[in-house]
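Given next are the chains, with one letter for each unit.
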Amino acid sequence: MSWTVVDLAALLLTGAISALLSIIELRISFPKSFTSTMRTGWAWLILSANVVISLLMLFILSLLFELNAYTAVISPLAAFILSRTDLSILRNFTHIGDIKGFTIGIGGAWFKAMKPLYDRVSLSLSVSREKSLRALLYRYPSTEELLGEARRCASEVPSYTRSHIDETLSFLNQISASDTLTEAAKRVAYARFILHTAGEDHIRRLIERRGAAEREGGE
Amino acid sequence: MTELSSLERIVLKTLSQAGPLTPLEVAVRSLIHPDSILDALFSLMDKGFVYRRERPKGIERYLYFLSEKGAAAAPEGDYELDGR
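Protein sequence lines, in the order shown, are assigned to chains Y and H. When we follow this note's numbering, the leftmost residue of the first sequence carries the number 1, and every step to the right adds one. When we follow this note's numbering, the leftmost residue of the second sequence carries the number 1001, and every step to the right adds one.
The following block holds chain Y by itself, in its conformation from the complex:
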């Protein structure tokens, strides 16, 4: 079998459309951390799986029709939709008495196969968030100072109402007064609180400010 330019172009087009659909799906799945998501190998594995089923669909369609631009465009779309559709719903319309309906659980199988990969992406993202938390904990060896920063964050969020501020401060007091939480757990809770209320940029500023102060103190 010899490959023509049209065949190769069809393969590339299928791959490109499938990759684009996969990227859109990942963007929707991880809206707040899309850039970090695309840095994980698991996200590229998900993308590759989508491209592979599209190429498989292209192969099937090329046996039935000619390999051209139309089949190249339809294949990734068909593969994308079919893999996410649970056709077992058709059983509801065809099941009569003992006669069993037409059942293909493609959608269910696809989601089951993809779930562990999406879990892996979440695990990787969670670990990357901790780099900034670790730096904050390192820069703030005093638990009291960390609690002070957390309190300041709670009071400075512009969208918080008075009752919301009271609620968040009461939460911090509960953590501070806890007999069951260890010192380390309290520190992590304060750091997570700052990350949640003020965001990663604020943490970066705190770390830089603290680092600069330490350098000045050392001179």
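I should point out that these hints are in silico values taken from the structure, not numbers from a laboratory. A couple of the hints might just be wrong.
[Claimed, not checked] Here are the computed lysine to any residue pairs in the SDA-like style, where the Cα-Cα straight-line distance is at most 20 Å:
1) Y:Lys115 to H:Gln1017
2) H:Lys1057 to Y:Ala185
3) H:Lys1069 to Y:Ala113
4) H:Lys1069 to H:Leu1007
5) Y:Lys131 to H:Lys1057
6) Y:Lys112 to H:Arg1053
7) H:Lys1013 to Y:Phe30
8) H:Lys1057 to Y:Glu130
9) H:Lys1047 to H:Phe1065
10) H:Lys1057 to Y:Ala135
We have chain Y already, so just place chain H on it with the hints.
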């Protein structure tokens, strides 16, 4: 239908809004003491609403995920503690 406590419902809602979280992250987002969150998470795990995965590294050991059953049971509505 499994009965859920109000705390369990809050945990399900938090996980459905924020995605997989560690117990301390759930505590911070829901403003509920971590000890109570752990109890609720264990109870939800027993009921099959939540499962956890061990992390390769990190400050906290496990990340909790909503199962399919948990996602279906997560309460809807305007409950929102994340004011940002």
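Hints, verified against the model:
no.: 1; hint: Y:Lys115 to H:Gln1017; in the structure: holds, 18 Å
no.: 2; hint: H:Lys1057 to Y:Ala185; in the structure: holds, 16 Å
no.: 3; hint: H:Lys1069 to Y:Ala113; in the structure: holds, 17 Å
no.: 4; hint: H:Lys1069 to H:Leu1007; in the structure: holds, 17 Å
no.: 5; hint: Y:Lys131 to H:Lys1057; in the structure: holds, 11 Å
no.: 6; hint: Y:Lys112 to H:Arg1053; in the structure: holds, 16 Å
no.: 7; hint: H:Lys1013 to Y:Phe30; in the structure: holds, 17 Å
no.: 8; hint: H:Lys1057 to Y:Glu130; in the structure: holds, 10 Å
no.: 9; hint: H:Lys1047 to H:Phe1065; in the structure: holds, 13 Å
no.: 10; hint: H:Lys1057 to Y:Ala135; in the structure: holds, 15 Å
Comparing the model with each earlier hint shows no violations; every hint is respected.
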